[in-house]
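Please model the complete structure; the sequences and the hints are all you need to start from.
If you want the building blocks of each chain, they are given just below.
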Amino acid sequence: MLHVDEVCKSYPTAEGSVAVLSGVSLDLGPGQSLALTGESGSGKSTLLHLVAGLDAVDSGAITVAGTALEGLDDAARAGLRRDMIGLVFQQFNLIPSLTVDANLAFQARLAGRHDRDWSAHLAEGLGLSALLSRYPEQLSGGQQQRVAIGRALAARPALILADEPTGNLDEATGDAVMGLMLGLVNEAGASLLMVTHSHRLAARLDRRLHLRAGKVIR
Amino acid sequence: MSRTILTALLSHWRRHPLQLAMLLVGLALATGLWSGVQAINAEARAAYDRAAGVLGQDRLGRIVASEGTLSVETYAALRQGGWPVSPVLEGRLAGLRILGVEPLTLPRGAAVPGMPGVGAATLGDFLAGGLVLVAPETVARPGVAEALTGFATEAAPDLPPMTVLADIAAAERLLGTRGEMTALLIDPDRALPGPLPAGLELRAATGEDDLARLTDSFHLNLTAFGFLAFAVGIFIVHAAIGLAFEQRRPMFRTLRALGVPARTLGALVLVEMLGFALIAGLAGVALGYGVAAALLPDVAATLGGLYGAAVPGVLELRAGWVGAGIGMALAGTLVAAGQGLWQVWRLPPLASAGSRAWGVAAGRTRALQAAAGLALLALAGGALWLGSGLWAGFAVLAGLLLGSALVLPALLAAVLTFASARARGVLAQWFWADARQQLPGLSLALMALLLALAANVGVGTMVGSFRATFTGWLDQRLASELYLTAESPAQALQMQEWLAPRVEAILPIVAADTALIGQPGEVYGIADHATYRDNWPLLTAVPGVWDVVARGEGVLVNEQLSRRAGLGLGAVIDLPGGALPVVAVYSDYGNPSPQAIIGLDAFAARFPGVETLRFALRLPEAEVEVLATALRAEFTLGEASLVDQAGIKAFSLRVFERTFAVTGALNILTLGVAGLAMLASLVTLSALRLPQLAPVWAMGLTQGRLAVLDLARTVMLALLTAVAALPMGLALAWVLLAVVNVEAFGWRLPMQAFPGDWLGLFAAAGLAGGLAALWPAVVLIRRRPADLLRVFANEH
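As you go down the protein sequences, you meet chains A and B in turn.
The numbering of the first sequence is the numbering used here, which starts it at 2 and goes up by one.
The numbering of the second sequence is the numbering used here, which starts it at -8 and goes up by one.
Mixed in with the good hints, there may be bad ones.
From chain A, some residues computed to sit far from chain B (all C-beta separations above 10 angstroms) [claimed, not checked]:
| # | residue |
| --- | --- |
| 1 | A20 |
| 2 | G30 |
| 3 | A53 |
| 4 | T68 |
| 5 | G72 |
| 6 | D75 |
| 7 | D84 |
| 8 | N94 |
| 9 | E125 |
| 10 | A177 |
| 11 | G180 |
| 12 | E188 |
| 13 | R205 |
| 14 | R208 |
| 15 | L210 |
Distance windows between CB atoms, simulated [what the hints assert, rightly or not]:
| # | chain 1 | residue 1 | chain 2 | residue 2 | range |
| --- | --- | --- | --- | --- | --- |
| 16 | B | R5 | A | E172 | 29 to 39 angstroms |
| 17 | B | G761 | A | E172 | 42 to 52 angstroms |
| 18 | A | E172 | B | L365 | 22 to 32 angstroms |
Please keep in mind that the hints were generated in silico from the structure rather than gathered at the bench.
From the three backbone atoms N, C-alpha and C, an ideal C-beta is built for every residue, glycine too.
The structure is reproduced here in structure tokens:
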């Protein structure tokens, strides 16, 4: 599903170029889940962004569902994200002017794969059925993150990329949201690459990789 | 996909209806004021075209007599000699332009709107002189029916207003002439049988109507004002769109992250903006129609008073200005949204999603803006120094306005920094520092306010200076107590005899139309009398000017003629009967034409055919009423035959006030639009204010106190803007008086200051700021504490 091969990425700063990723490689098979852990600044989020095609590698290669990202233009990367990937952000990034219902269905509609039954199932599974007509600002943080997870899964993507999905939630809420997400990811048959600080959460996934200073430690 | 994205984009406006209203109202107002002015211009130009098109004046040649009028004998001789000419008699009666034609000999190119064709039932009546044609709106005007007593009228909608078309025999009856013709029309495409007989001149078609040329400056002035109002309106649009773009930055980023290509997103945002522009443009055009319909009567009166142009007071919906209005709405939206659209187009998917206050300009950006503003001010100075003509004048105005607007934020920031550094108490320090923080978000609205206030000061000073000068000038120019017009030379003689023992002086006024520097102008003859020596408004003169004029050795020219032809003292000007040196230049406000004055004897020698029918009478002020009553009784005079000085002054001032009624109305509308721009910015900013206000509230300031401080802050910024607008407005007034008016009208006025008006304007600016801030302040007071607490709850 996902193949990352010797990826390097650096960013220019006032003091010169700073390497964020230095030769990172990983593989993720269909239906598998992998946790990326590491300290702040270790390159976890950068790697996630590169996999999502939100940014481009300096060197190395990334292949998602058989498609090499190298050489894809903006529109093609956007198409890949739309059709193959579901993104869950730490800050939820819901569309504030749309209702929960519209937010849930949004990416599936973009991809042309909106399935009302599946959306309703997700809403029920995530405990959102009673909140569908509300706007994001009327929800708690945990509720908003559940909407974001539902939106990512609604189009039945092959790969879910989650960046600290419970980073903004308290421990109990985070655990509950995590449980829901893992259950639904399994049910959808998607692969999951999740960035997290929490070793406890990482332990709930199939595998884990630890990054330090842009390199895979284990 | 497009539908889903558009739904998401539009959902923002559904959740922020006030912002949408501001965008649409701003754009509709901007388009409305622009369209209104264009509708007025289009109506006036159509009237000129109709006037020029009648009898093919814009296409046909005219044979005229070198001196005086043409006789029936001359016409008959030309026809017999094979000349394809057709006679025309023109004259004025009770404000009507009487046009007499001979339908059967008219050349093919002579368009005569509404004239019955051969075979028409009414042709016989027309030829028999019993039927005349007039525009429908003309018939309804007071006095017209009386003037046309004895004639049947038929409505000819395409005829210009206040024009009567008649058979030449009927026109003779109306004008009281016999066997005279003004001109002979001739088709320029037909071969002429030979050279013209002596005493006749062939004048080619001018192509463009004199009236259109004469009134160009007036319409350009209106257009410039319309554009200023449009620009101020676009500031509202820019503020609303800019804030909407800023608030939607997280949405744009999310859309990009979810797989929407940048181009698709950019294109759909463009479609959304153009859709709004179309809706607001249509509303604006409707508004423009209303504005134009309200202002047109004043404009028509102005054009009639200043240029003698007859413009109907009824407005037509014309495709030209409707299309241009919608085009301006689309173009204005693209300009206002350009920066945002560009950012969306170039938005990387990993762009910061943090919502910054829109327009937050780093110090560097503000400095660059100020530098650009200073460069524009320098360019305006350059255009003033090196340029010439009306367009250079408008370039100076544009540079001044735009340059000062760009410099304003940096200027205000400097003042607020200074005040913040000097503030003593903690609350005062926060007040000034917070005002500075608000500045970027309010910059555009304050710039719009600056433009409106500067335009207000500028135009107000110009009109005030004009009014003061004009009133003084009327006192000088209309020194005589009564002005008398006789019906005939015989009556004029009787009147002089009757008046001689009853008044201090009888001053004949004689005038002849003649070409001056190749343009239609007038030459006046005046008596050598203390009335002129003591009062005539001379701008410059040679020593002993009145003696020179009395001897017939020099000519006075009006300022317009002097400026247009570059005629200074000592320059020689061609006049019928020989050239004369210019010995003085006098002010002649309100007259668009060149004018010259010579001594009475010199006039009689040069224009022997002109009869003396008008007189200025000098007598003690206290005796005016008694003499006027006696004079009317003795000679059965009508109202128009005897006018007292006060009556003429009152009429002139009335014309003057109507002339500037339009600019005054546009001025007030522009100020209103600027006030709305402030309201738009404050309302949309108020939501973004919470994170700034919540900590201060949490530290012990009540919501009411915060609201009052917010109100005071806005009033203070509006007043500071007014202070900055004052010098700009005065500079604007100077350019209007010293450059634009000179180019547009041919006269220059001394500039005067009106501090009382400035105080009024400061009060208006403070009030506009206060009113604009009132609503957000009330909203702040009414906010639930939970809203303010949410600011802390969302902290990560």
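Grab the minimum beta-carbon distance between G72 (chain A) and chain B and tell me whether it stays above 10 angstroms. holds, 16 angstroms
Was A177 (chain A) rightly flagged as not at the interface, with every chain B Cβ beyond 10 angstroms? The claim stands: A177 (chain A) keeps its Cβ more than 10 angstroms from every Cβ of chain B (closest is about 20 angstroms).
N94 (chain A) non-interfacial with respect to chain B [C-beta, more than 10 angstroms]: Contrary to the label, N94 (chain A) does not stay out of reach of chain B, its closest Cβ about 4 angstroms off (not over 10 angstroms).
Cβ distance range 29 to 39 angstroms for R5 (chain B) and E172 (chain A), holds or violated: Distance hint for R5 (chain B), E172 (chain A) holds at roughly 37 angstroms.
Separation of D75 (chain A) from chain B, once the least beta-carbon distance is taken, above 10 angstroms: Answer for D75 (chain A): violated, closest chain B Cβ roughly 6 angstroms.
Outside-interface status for G30 (chain A) - nearest CB in chain B farther than 10 angstroms: Check passes; 23 angstroms lies beyond 10 angstroms.
Confirm or reject the statement that G180 (chain A) sits farther than 10 angstroms, beta carbon to beta carbon, from all of chain B. holds, 23 angstroms
Could you let me know if the closest chain B CB is still more than 10 angstroms away from the CB of A53 (chain A)? Check fails; 7 angstroms does not lie beyond 10 angstroms.
So does G761 (chain B) sit 42 to 52 angstroms from E172 (chain A), Cβ to Cβ? holds, 51 angstroms
Verdict on R205 (chain A) as a residue remote from chain B, using beta-carbon distances over 10 angstroms: holds, 24 angstroms
Holds or violated: the 22 to 32 angstroms window for the beta-carbon distance between E172 (chain A) and L365 (chain B)? Violated, at about 58 angstroms.
May I ask you to check that D84 (chain A) keeps its beta-carbon over 10 angstroms from the closest beta-carbon of chain B? violated, 7 angstroms
The structure is inconsistent with the numbered hints 3, 6, 7, 8, 18, although it conforms to all the rest.
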